[in-house]
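> Below, each chain spelled out in residue letters.
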Amino acid sequence: MLAHTADGPNRPGRRGVTAVFFDRRDQQTITRRILTRCIFGLSMTMMLAAIAVAQQPESPPAPPAASTPSESPAPPPPHALLPAPPPQALPPPPVVVPAVQLAPAELTGLLGHAVVDAEGAELGRIVDLLVDNQGQVRAVVVDVGGFMGVGNRKVAVAWSALRFAASEKGPVISILIPPDRIKSWADYIVGRPVAILGTPGSGP
Amino acid sequence: MASVRTLRGLDWLFFFVADLQTGFGPFIAVYLTQQRWTQAQLGLALGVGSASAMLAQVPAGMLVDALRGKAVAAAVALAGIGASALLMASSPTFWPVVLTQAVYGFASCMLNPALVALTLGLVSTAAVAERLGRNARFAAIGSAVGAALMGACGTWVSSRAVFWLVALLCVPALLALRSLGHQMASPEAAAMRPERQSVRDVLLDRRLLAYLACVMLFHLANAAMLPLVGVEITKRADQNANLIIAACILVPQVIVALLSPFAGRAAQQWGRRGVLLVGFCALPARALLLAFVTDPLWIVPVQALDGLGGAAFGVMTPLVAADISGDGGRFNLRMGILGLAVGVAATVSYTAAGAIATNLGTPTAFMALALAGICAVLAVGFTMPETRPLLAAG
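Chain order of the listed sequences is H and S.
Residue numbers for the first sequence, in the working numbering: 1 to 204.
Residue numbers for the second sequence, in the working numbering: 1001 to 1394.
Source of the hints: derived by calculation from the structure; they are not laboratory data.
Be a bit skeptical, because a hint or two may be false.
Unchecked claim - Some chain H residues flagged as far from chain S (calculated, every beta-carbon gap over 12 Å):
1. Gln-88
2. Ala-89
3. Pro-91
4. Pro-94
5. Val-95
6. Val-100
7. Leu-102
8. Ala-103
9. Val-116
10. Asp-132
11. Gln-134
12. Gly-135
13. Leu-162
14. Glu-168
15. Thr-199
Unchecked claim - Result set (SDA-like, lysine to any residue): computed pairs, CA atoms no more than 20 Å apart in a straight line:
16. H:Lys-154 / S:Gln-1035
17. H:Lys-154 / H:Pro-179
18. S:Lys-1235 / H:Gly-149
19. S:Lys-1235 / S:Trp-1298
20. H:Lys-154 / S:Thr-1038
21. H:Lys-154 / S:Leu-1046
22. H:Lys-154 / S:Ala-1040
23. S:Lys-1235 / H:Val-194
24. S:Lys-1235 / S:Thr-1364
25. H:Lys-154 / S:Ile-1356
26. H:Lys-154 / S:Leu-1360
27. H:Lys-154 / H:Ile-177
28. H:Lys-154 / S:Gln-1034
Quick reminder that beta carbons are idealized off the backbone N, C-alpha and C, glycines included.
For reference, chain H alone in the conformation it holds in the complex (with noise of 0.2 Å):
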């Protein structure tokens, strides 16, 4: 009778230690070489991310308020002696928007924006405004406290409380009310009745 299986590497279902040792260089070679062309990668990338940001300027401008007003339509020539047109009703009157444009040190958003209590000291972010139904804004909601994001609070603020003041780098926003209350004061809670601190009557 033949022996059809030799012992050996081809021999199915075994592996010698032949075979085995040249995989092991194999796959310790092809590893390395993935994990070398991974840090070359990552190192250009970061290189190149690197440049994109340097030349971007640290937050892209605000698009231009519209800059023209809409002109209203031309008059009619004063020389129009035709037969008068027939009484149809006239189209409406196109709406004239006013519009303006402002410098970009004049204006700024609110959103994200740093809130400092009396002594300069960083209170925490605006993250919201709250509008009544008559489009009076009414507060601010601030996130407030927190270590590396745990533990931050979103209290709400009146708008009457917070005193805006120019800077060389923007508007100073800062609230008087001492920051321990602020951090003592109820969560501002979506849905539920908004306690504001800061309107006269929210005690001492």
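Starting from the known structure of chain H, arrange chain S on it as the hints suggest.
What follows is chain S alone, placed relative to chain H:
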């Protein structure tokens, strides 16, 4: 077996990976708020992140199982995380950030099982428990250093710089991974077995289901505690609130770093169930104490109990998964299933505890969490089988 130099490389690998993962936590909300995101956009982007981190667990586990080169899988995942951090730092607009969150979720779901699988390939079965304990130690040190480093970076440089730092930290992690490539996996390593159980057999394994229940109850109790504690401290402390919260994050990590190797050794000597019981008992104790302790300075020692539970969970999860996989492979799939269970339980925990705290007060929420913790201890006591493999000659 694996040389000392290789094992040192493994230590550094776990350190750097845990280090860079701290940047992607709740800090993202702080960063994006500064970039003038609205709350609605923020909720959407973070929701994509949470969903991705949960949904990717099982597919990523199956992918890592299918790949023969676990080091390659880990390298690709690390490169993905680095690329996400770069994208986050350079374009904090909506769609890039959503993409970042999706990619990061999948990459971290690939990375964590792959690293444990690499570990299993480098040490013998008897030494696995202590090695996993050592991994958990270096991961805890990495988290603590990461939190401190990134907190300092965010405060004194800028929030954007934190993500540059995360991308930078991927490079030493990849270098540490590269230094492992010299050692081939030991032939008897469970994670490297080519034989596969079917997915159905994996899911119907009673030991996995029992551990799944324990883990879900543990996280149901544990996950919401730190956020609730953070809010309480912010309400009560004044100038030092940030420092106290930082201490509440760092002290448990220090305890985990100290106790994890001991937990691994104890699991090998006295069995897995004993370590799980001791660690899980710390959880309801902590919840009950937090319900009644109001002084922020006293909260820090109570938070130290988190370290006990964290050490037990962190070491036992890969260990039990390795024990159960011993016969038929599919280690990474089991890690993925456990990861998914943890994610689901954590989400339920945040939502339920938040709702209870809003409607019934924070002490009631802590009591509810204590109840869940007691259920976790009972689950370990009554349903969890001992999974330590019987060693042939001691």
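> Indicate, hint by hint, whether the structure satisfies it.
Each hint, compared with the structure:
no.: 1; hint: Gln-88; result: 49 Å, holds
no.: 2; hint: Ala-89; result: 45 Å, holds
no.: 3; hint: Pro-91; result: 40 Å, holds
no.: 4; hint: Pro-94; result: 34 Å, holds
no.: 5; hint: Val-95; result: 29 Å, holds
no.: 6; hint: Val-100; result: 23 Å, holds
no.: 7; hint: Leu-102; result: 18 Å, holds
no.: 8; hint: Ala-103; result: 19 Å, holds
no.: 9; hint: Val-116; result: 14 Å, holds
no.: 10; hint: Asp-132; result: 19 Å, holds
no.: 11; hint: Gln-134; result: 23 Å, holds
no.: 12; hint: Gly-135; result: 19 Å, holds
no.: 13; hint: Leu-162; result: 18 Å, holds
no.: 14; hint: Glu-168; result: 18 Å, holds
no.: 15; hint: Thr-199; result: 21 Å, holds
no.: 16; hint: H:Lys-154 / S:Gln-1035; result: 17 Å, holds
no.: 17; hint: H:Lys-154 / H:Pro-179; result: 14 Å, holds
no.: 18; hint: S:Lys-1235 / H:Gly-149; result: 15 Å, holds
no.: 19; hint: S:Lys-1235 / S:Trp-1298; result: 15 Å, holds
no.: 20; hint: H:Lys-154 / S:Thr-1038; result: 13 Å, holds
no.: 21; hint: H:Lys-154 / S:Leu-1046; result: 17 Å, holds
no.: 22; hint: H:Lys-154 / S:Ala-1040; result: 14 Å, holds
no.: 23; hint: S:Lys-1235 / H:Val-194; result: 17 Å, holds
no.: 24; hint: S:Lys-1235 / S:Thr-1364; result: 17 Å, holds
no.: 25; hint: H:Lys-154 / S:Ile-1356; result: 18 Å, holds
no.: 26; hint: H:Lys-154 / S:Leu-1360; result: 19 Å, holds
no.: 27; hint: H:Lys-154 / H:Ile-177; result: 16 Å, holds
no.: 28; hint: H:Lys-154 / S:Gln-1034; result: 15 Å, holds
Taken one by one, the earlier hints all hold for this structure without exception.
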